[in-house]
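J.: Keeping their order, the protein sequence lines are chains R and Y.
The UniProt record's numbering applies: residue 1 is where the first sequence begins, and numbers increase by one.
The UniProt record's numbering applies: residue 1 is where the second sequence begins, and numbers increase by one.
Calculated directly from the structure, the hints in this document are not laboratory data.
A few of these clues could be false.
Copies of the same chain look alike in the list, so a pair counts if it works inside one copy or between any two.
[Claimed, not checked] Taking lysine-lysine pairs in the BS3-like style, the calculated list, with each CA pair at most 27 Å apart, reads:
#1 Lys11 to Lys96
#2 Lys96 to Lys188
#3 Lys125 to Lys109
#4 Lys188 to Lys109
#5 Lys96 to Lys125
#6 Lys188 to Lys125
#7 Lys125 to Lys49
#8 Lys109 to Lys96
#9 Lys49 to Lys188
#10 Lys11 to Lys125
#11 Lys109 to Lys11
#12 Lys109 to Lys49
Number of protein chains: 2
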Amino acid sequence: MQNIQAVELAKAYRLLNHGPTTIVTSAHGGVSNVMAAAWAMPLDFDPPKVLLVIDSSTLTRELVEASGEFALNIPTRALAETTLAVGSSSGREGDKFAALDIATFPSEKIGAPLMSGCLAWLECKVIPELHNQQRYDLFIAEVVAAWADSAAFSAGRWHFPADDQRSLHYLSGGAFFATGEAFNVELKP
Amino acid sequence: MQNIQAVELAKAYRLLNHGPTTIVTSAHGGVSNVMAAAWAMPLDFDPPKVLLVIDSSTLTRELVEASGEFALNIPTRALAETTLAVGSSSGREGDKFAALDIATFPSEKIGAPLMSGCLAWLECKVIPELHNQQRYDLFIAEVVAAWADSAAFSAGRWHFPADDQRSLHYLSGGAFFATGEAFNVELKP
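Chain R with its partners taken away, still in its complex shape (with noise of 0.2 Å):
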């Protein structure tokens, strides 16, 4: 059982300030789906805004137009795999959590399911910017809630707990980077 605890909102940006790839999440009229996303990144600090690139072939992008809703779900070294298929397949071709045994808990503020699994989960709220949108398949949104399973990030902190739990940042084809080294610099007097 993972020990999932609210993340303050003011602090939300630090789930994606080092750039970790993400699985979307949505659902509209009885339709859920879940697919990858490498670009995703914060906009504002508080109340906490997220820009994602949805492309305008995909199933997600009709659930996000007609919910107004996302989740962005930080996935592990543990689910390479699982983040690789869901951003390979369509779910015009079928249902992605049966087909790969996605298990789902339910978010608080919006209707999307959240993976679970993951490290942290931001649920968000489309801003509508039709222009950004239909011109360059941006989405600006507004994180409404955040959550993050206590083993991995606490008190505005990542700790990530063992190797296969750090987070993911992709490349292409099957190729990905694990979250790396934790280190702190200062700045000379």
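Chain R is already provided as a structure; the job is to place chain Y on it using the hints.
T.: Relative to chain R, chain Y alone:
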């Protein structure tokens, strides 16, 4: 000496796809500046576009709006202190290149200087989107030239030659992650 090679524009997104922290260089009217930016990511593949968030209070913002150009430089772990320092002071207080002993070399397609010792460089021209700039501090730009140190990136792949030559992922305060272990996964049949 770094062996700097051109990166094919269709593969330039791979310089940013894993979410590294960047250093932004800019210039206009004889003034140049350098600052850190964790909030930069790809927006499109070919022609490549990027997103960059630039706070409205910064000298960089003024130079980018005036010139319509900026460069994204990808720093190494060896440059982590410099990355923190250029993100912690304003170019209005004095020339950060001189104060922090930052060497540069000329870009090819834009006026901003490129920072020596980095892993890769993206020369960018702003696509004017005033609503995004004014409301969200968000800039959309096309990548017009891209370069990489061939010791770290070639044939579309990263291969960091040493631990202090890995890219960086910023969290907050002086806390960073290094880019970690590379690995590949395959789709199950």
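J.: Against which earlier hints does the structure fall short, listed by number upward?
T.: Result: hints 1, 4, 6, 9 break, sorted rising.
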